[in-house]
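Asker: Okay, here's what each chain looks like letter by letter:
2 protein chains.
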Amino acid sequence: MTSNVKTRLYIDAPLNAGASVELSKDKAHFLKNVLRLAPGQHIAFFNGRDGEWLGRIETLSKSAATVALENQTRPQSPMPDVWLVFAPIKRARINFVAEKATELGVAQIRPVITRRTVMARVNTGRLVANALEASEQCERLDLPEVFEPQQLDKLLDNWPAGRRILWCDEGASGGPIAQALAKLDDAAKRDPWAILIGPEGGFDEVERSRLIDFPDALAVTLGPRLLRADTAAAAALSIWQAWVGDWDLTPS
Amino acid sequence: MTSNVKTRLYIDAPLNAGASVELSKDKAHFLKNVLRLAPGQHIAFFNGRDGEWLGRIETLSKSAATVALENQTRPQSPMPDVWLVFAPIKRARINFVAEKATELGVAQIRPVITRRTVMARVNTGRLVANALEASEQCERLDLPEVFEPQQLDKLLDNWPAGRRILWCDEGASGGPIAQALAKLDDAAKRDPWAILIGPEGGFDEVERSRLIDFPDALAVTLGPRLLRADTAAAAALSIWQAWVGDWDLTPS
Numbered sequence: 050m051t052s053n054v055k056t057r058l059y060i061d062a063p064l065n066a067g068a069s070v071e072l073s074k075d076k077a078h079f080l081k082n083v084l085r086l087a088p089g090q091h092i093a094f095f096n097g098r099d100g101e102w103l104g105r106i107e108t109l110s111k112s113a114a115t116v117a118l119e120n121q122t123r124p125q126s127p128m129p130d131v132w133l134v135f136a137p138i139k140r141a142r143i144n145f146v147a148e149k150a151t152e153l154g155v156a157q158i159r160p161v162i163t164r165r166t167v168m169a170r171v172n173t174g175r176l177v178a179n180a181l182e183a184s185e186q187c188e189r190l191d192l193p194e195v196f197e198p199q200q201l202d203k204l205l206d207n208w209p210a211g212r213r214i215l216w217c218d219e220g221a222s223g224g225p226i227a228q229a230l231a232k233l234d235d236a237a238k239r240d241p242w243a244i245l246i247g248p249e250g251g252f253d254e255v256e257r258s259r260l261i262d263f264p265d266a267l268a269v270t271l272g273p274r275l276l277r278a279d280t281a282a283a284a285a286l287s288i289w290q291a292w293v294g295d296w297d298l299t300p301s
Numbered sequence: 050m051t052s053n054v055k056t057r058l059y060i061d062a063p064l065n066a067g068a069s070v071e072l073s074k075d076k077a078h079f080l081k082n083v084l085r086l087a088p089g090q091h092i093a094f095f096n097g098r099d100g101e102w103l104g105r106i107e108t109l110s111k112s113a114a115t116v117a118l119e120n121q122t123r124p125q126s127p128m129p130d131v132w133l134v135f136a137p138i139k140r141a142r143i144n145f146v147a148e149k150a151t152e153l154g155v156a157q158i159r160p161v162i163t164r165r166t167v168m169a170r171v172n173t174g175r176l177v178a179n180a181l182e183a184s185e186q187c188e189r190l191d192l193p194e195v196f197e198p199q200q201l202d203k204l205l206d207n208w209p210a211g212r213r214i215l216w217c218d219e220g221a222s223g224g225p226i227a228q229a230l231a232k233l234d235d236a237a238k239r240d241p242w243a244i245l246i247g248p249e250g251g252f253d254e255v256e257r258s259r260l261i262d263f264p265d266a267l268a269v270t271l272g273p274r275l276l277r278a279d280t281a282a283a284a285a286l287s288i289w290q291a292w293v294g295d296w297d298l299t300p301s
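The listed protein sequences correspond, in order, to chains A and B. Everything in the first sequence is counted per this note's numbering, starting at 50 for the first residue and increasing by one. Everything in the second sequence is counted per this note's numbering, starting at 50 for the first residue and increasing by one.
Hint data in this document are derived by calculation from the structure and do not stem from the laboratory. The reader is advised that the hints may include incorrect statements.
One copy or any two copies: either way a pair holds, since identical chains are not told apart in the list.
Result set (DSSO-like, lysine-lysine): computed pairs, CA atoms no more than 27 Å apart in a straight line [unchecked claim]:
hint: 1; residue 1: K74; residue 2: K238
hint: 2; residue 1: K139; residue 2: K55
hint: 3; residue 1: K81; residue 2: K139
hint: 4; residue 1: K111; residue 2: K55
hint: 5; residue 1: K111; residue 2: K74
hint: 6; residue 1: K232; residue 2: K81
hint: 7; residue 1: K232; residue 2: K76
hint: 8; residue 1: K55; residue 2: K74
hint: 9; residue 1: K81; residue 2: K111
hint: 10; residue 1: K76; residue 2: K238
hint: 11; residue 1: K203; residue 2: K238
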């Protein structure tokens, strides 16, 4: 951490020296009644564009707050360009996925409906809220983008050229994840990526055939035990970050 | 999976051909009223010693069940010798740690009290229940051993010679986890290990000094963002399994 200020809030407003930030009733309540802050104390802001800024609370009531921005404490830094593409799972676990994927530095969270997906409805508002809270907590300077669920086939139809897929395949068409990633050259590591996690019961044969032939899809296994989808997502993202993403950087 | 049987139960009883297994009232209720199984159907058992066995339900009422063991479907296989040593965190998150650590193949779950640990009381019974359910779910053939919380200093005083520590150090005394693990030779990979995760706020300076000097403690960082303790535990275990543990094996 670059400052001792513990409270970091995301806000969708420009951040610059001398600006005054008006907070919503919810946030004012949170600062006053939950965190018990008072005018004169400092909090930090980020908006996904302007880095992290320190502000001094000027006014604080239970329904409104004004914060005067003072100085930038961190510049905006680039994030790894990695998507998490996963078949939705039940409520507590999908909220967990949003939180963990955010902490683990994912750029986009994309639920996809597969042929064996049981859970077709997703409360994306709840995912956004979980991702936002996790961003504030983990010192990110941006929010991951959360998408409405879409059909896996449609997503693959419109797949962006050059974006590689790390396909966690229970059907074991690929090799162990460490060996697969160790073989990547530097150019492949610099490409945009997506981690693909299937539903309980796995992808069906039609989906598997398509993925096996899909350009730049790298099938990998995650060990000899059966992982829940949420565990697989967190594990694959962690391993990807360690070997391909930005975990060669140390905490700022 | 080696059989199509989805229901796997842990039982603390010998498993061998021709044996008859009596199930508790809770398990009988679960089979009959939750899973809606009936006599003649099959379930699988493991006990941590005798591999996985297939059994045929002979009698099933809401208070008792008898299952006749038929054949072994998998032999007992060795598990990686890795402990998870972590400062306890609040209830939902510590239950999550027990579940994820079990799926991720940990041998022992050891909560430790550090100087900055806020949560000193741990419901170990609940951790055991979560670990058991996760073992049944993830096709493990054993249960991780769950310990009562103890002081980190005491654990280190009695640390077993030769057990290496992967110390996830927010203080950044070490290098990135991937680079650190890539430098290990095969002998080091075969040693027993422990993953050490600190409390919110990190280890204090006295603890850090001791760990920096501790034999076979390898300090590593987990990227530029701040991870919650439960996220750090799942990430470090996943990465350890991929590069040191048994994730070079594929699903059976």
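Asker: Compare the structure with each hint and give your call.
Answerer: Hint check:
1. K74 x K238: This pair counts as neither: shortest intra-copy Cα distance 44 Å, inter-copy 54 Å.
2. K139 x K55: between (32 Å within a copy, 19 Å between copies)
3. K81 x K139: For K81 and K139, only the inter-copy Cα distance (24 Å) is at most 27 Å; the intra-copy one is 34 Å.
4. K111 x K55: within (20 Å within a copy, 53 Å between copies)
5. K111 x K74: within (7 Å within a copy, 53 Å between copies)
6. K232 x K81: neither (52 Å within a copy, 50 Å between copies)
7. K232 x K76: The answer is neither: 47 Å in one copy and 47 Å across copies each exceed 27 Å.
8. K55 x K74: Cα proximity of K55 and K74: one copy only (20 Å, versus 50 Å across).
9. K81 x K111: Within one copy only: 6 Å inside, 53 Å across.
10. K76 x K238: For K76 and K238, the Cα distance exceeds 27 Å both inside one copy (39 Å) and across copies (49 Å).
11. K203 x K238: Classified as within: same-chain Cα gap 26 Å, cross-chain 43 Å, threshold 27 Å.
Checked against the numbered hints above, the structure breaks hints 1, 6, 7 and 10 and satisfies the rest.
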